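Novice: Sequence:
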Amino acid sequence: MGYVASIVDADDDDEEVARFEIDDLDRHQNGGLTAVFVVRSRLDTRRAIEDYVTTDRVTFDAGPSKEAFARRLDALLPPPVGGAHIDWLQLIEAITFDISARASAPTPVSDLALASPMQTIPHLVPFLLPEKRPTILYGPGGTGKSMLAVTAAVAVAAGVNFLGWQCEQGEVLYLDWETEEGDIASRVHRVAKGMSLAKVPTVHYMNMVHPLSQRMAEVARVVAQYEVRLVIIDSVGMASSQQRDGADASEGAVRFFRGLRELGVASLLIDHVTGEDMRRASTPKPYGSVYKYNAARNAFEIRQREDTLLGMHIAVLIHQKSNLGPKHPDVEVEYEYGVDYVRVRRRGMATGPAPEDRVLDALVGGPITHSRLTDVLNVEGEPISEVTVRLAVRNLVQQGHVLVNNSGFVRLADDRGDSEGA
Numbered sequence: 001m002g003y004v005a006s007i008v009d010a011d012d013d014d015e016e017v018a019r020f021e022i023d024d025l026d027r028h029q030n031g032g033l034t035a036v037f038v039v040r041s042r043l044d045t046r047r048a049i050e051d052y053v054t055t056d057r058v059t060f061d062a063g064p065s066k067e068a069f070a071r072r073l074d075a076l077l078p079p080p081v082g083g084a085h086i087d088w089l090q091l092i093e094a095i096t097f098d099i100s101a102r103a104s105a106p107t108p109v110s111d112l113a114l115a116s117p118m119q120t121i122p123h124l125v126p127f128l129l130p131e132k133r134p135t136i137l138y139g140p141g142g143t144g145k146s147m148l149a150v151t152a153a154v155a156v157a158a159g160v161n162f163l164g165w166q167c168e169q170g171e172v173l174y175l176d177w178e179t180e181e182g183d184i185a186s187r188v189h190r191v192a193k194g195m196s197l198a199k200v201p202t203v204h205y206m207n208m209v210h211p212l213s214q215r216m217a218e219v220a221r222v223v224a225q226y227e228v229r230l231v232i233i234d235s236v237g238m239a240s241s242q243q244r245d246g247a248d249a250s251e252g253a254v255r256f257f258r259g260l261r262e263l264g265v266a267s268l269l270i271d272h273v274t275g276e277d278m279r280r281a282s283t284p285k286p287y288g289s290v291y292k293y294n295a296a297r298n299a300f301e302i303r304q305r306e307d308t309l310l311g312m313h314i315a316v317l318i319h320q321k322s323n324l325g326p327k328h329p330d331v332e333v334e335y336e337y338g339v340d341y342v343r344v345r346r347r348g349m350a351t352g353p354a355p356e357d358r359v360l361d362a363l364v365g366g367p368i369t370h371s372r373l374t375d376v377l378n379v380e381g382e383p384i385s386e387v388t389v390r391l392a393v394r395n396l397v398q399q400g401h402v403l404v405n406n407s408g409f410v411r412l413a414d415d416r417g418d419s420e421g422a
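Residues in the sequence shown are numbered consecutively from 1, following our numbering.
In short, the hints are calculated from the structure, not lab data. Small disclaimer: the values here were computed from a predicted structure and weren't measured. Misleading hints may appear alongside valid ones.
[Claimed, not checked] Under the rule of at most 27 Å between Cα atoms (straight-line distance), these lysine-lysine pairs were calculated in the DSS-like manner:
| no. | residue 1 | residue 2 |
| --- | --- | --- |
| 1 | Lys132 | Lys285 |
| 2 | Lys321 | Lys132 |
| 3 | Lys321 | Lys285 |
[Claimed, not checked] Using C-beta positions, here's what the derived DEER-type ranges look like:
| no. | residue 1 | residue 2 | range |
| --- | --- | --- | --- |
| 4 | Pro78 | Ser100 | 25 to 31 Å |
| 5 | Ile121 | Gly63 | 44 to 50 Å |
| 6 | Arg394 | Thr202 | 39 to 45 Å |
Each residue gets a CB set at the ideal place from its N, CA and C atoms; glycine is no exception.
Using the sequences and the hints, build the whole thing.
Specialist: Right under this line is the structure:
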């Protein structure tokens, strides 16, 4: 979690004269805490970068580390005009003590028998964006991940319909590690025009360079200031910190998701896939640590379906994982790119022949399980998920066209083979 500590001048209407932004809180090998301190101040206006003074990693239980930091601040920051000398070491001691106390505070224990069960999980966008939980959107480059995320941002900010789902209105923060402000602003304006909105809604934007864990205090402050309900991360790989020498490969992902949890808002995380996965018809996981996929409460894969006319393409949004309830059937998404607008709209379930027709065709070869049936149908250019296959099978069972035996094998209703023994 990021912390902010302000030093004010009591003789000058409590005006802030210096600010400590503390991020990337961690424990070193001996169990003590360390953190990155970013210092900003108005005391010295000769700074090349606005009010920035210095940055240092401070070890909380090491006196020399704090003393060296205090001496540097003494040298860099003069006392206020007519004011007393600032005891930086005392301030650092107070800040580290406060953070240590909060970090060591016991976690409350509750009795779940007395707690009120959550009947439904609130969503900003049904199925797609659950409140206060992370959703990951992954797929190869060029499939429209970022444009889909921008469209979701505009829809939530305006409180309008998105892919057939009515959005809850809320403030949106776009954290961008991949492009730049002008690019995202252009997309926001074009999407808003494609939605025929009367005006472009506010989408707060921050161009990011360092890992999220090192900027958590700053991001948390913006989230609180604007009462943000949705944070978009573009992209997870760039936002995650690299692990330290000798650390587990999942450390960066763990730190990233821990920070998201502390922000306490819904998040849409854009992520990539490996080059090898790009060549496959199915891409079950995003690139990198499996912890990313496991930590997300919701996971959607996006795949290129086809290019149609000039300025248009179609992708399929596949609900690969849900910890919050049933998965949604595949959604076909059409992108229309005009000169000054973009329209991103839903075209319905999986493309091509109806899923039921595809299932019937595949069952001609004999009984088969749901998962194997999905593999057979999941050919390049016609992706389909297991949840869509299961829904299609259920519909066909109700219509009397197929049967499912006790072993979970699906067969045609007029198939008199040895399906019972399959």
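Novice: If a hint holds in the structure, say so; if it doesn't, say that too.
Specialist: Do the hints match the structure? See the list:
At roughly 22 Å between alpha-carbon atoms, Lys132 and Lys285 fall within 27 Å of each other, so this suggested pair holds. For the hint pairing Lys321 with Lys132, the CA-to-CA distance comes to about 17 Å; that is within 27 Å, so the pair holds. Under the criterion of a C-alpha separation no larger than 27 Å, the hint pairing Lys321 with Lys285 is consistent with the structure, at around 10 Å. A C-beta distance of roughly 30 Å is found between Pro78 and Ser100, which places it inside the suggested range of 25 to 31 Å.
For Ile121 and Gly63, the Cβ-Cβ distance of about 48 Å falls inside the hinted range of 44 to 50 Å, so the restraint holds. Between Arg394 and Thr202 the CB atoms are about 43 Å apart, so this pair conforms to the stated range of 39 to 45 Å.
When each numbered hint is compared with the structure, no violation occurs for any of them.
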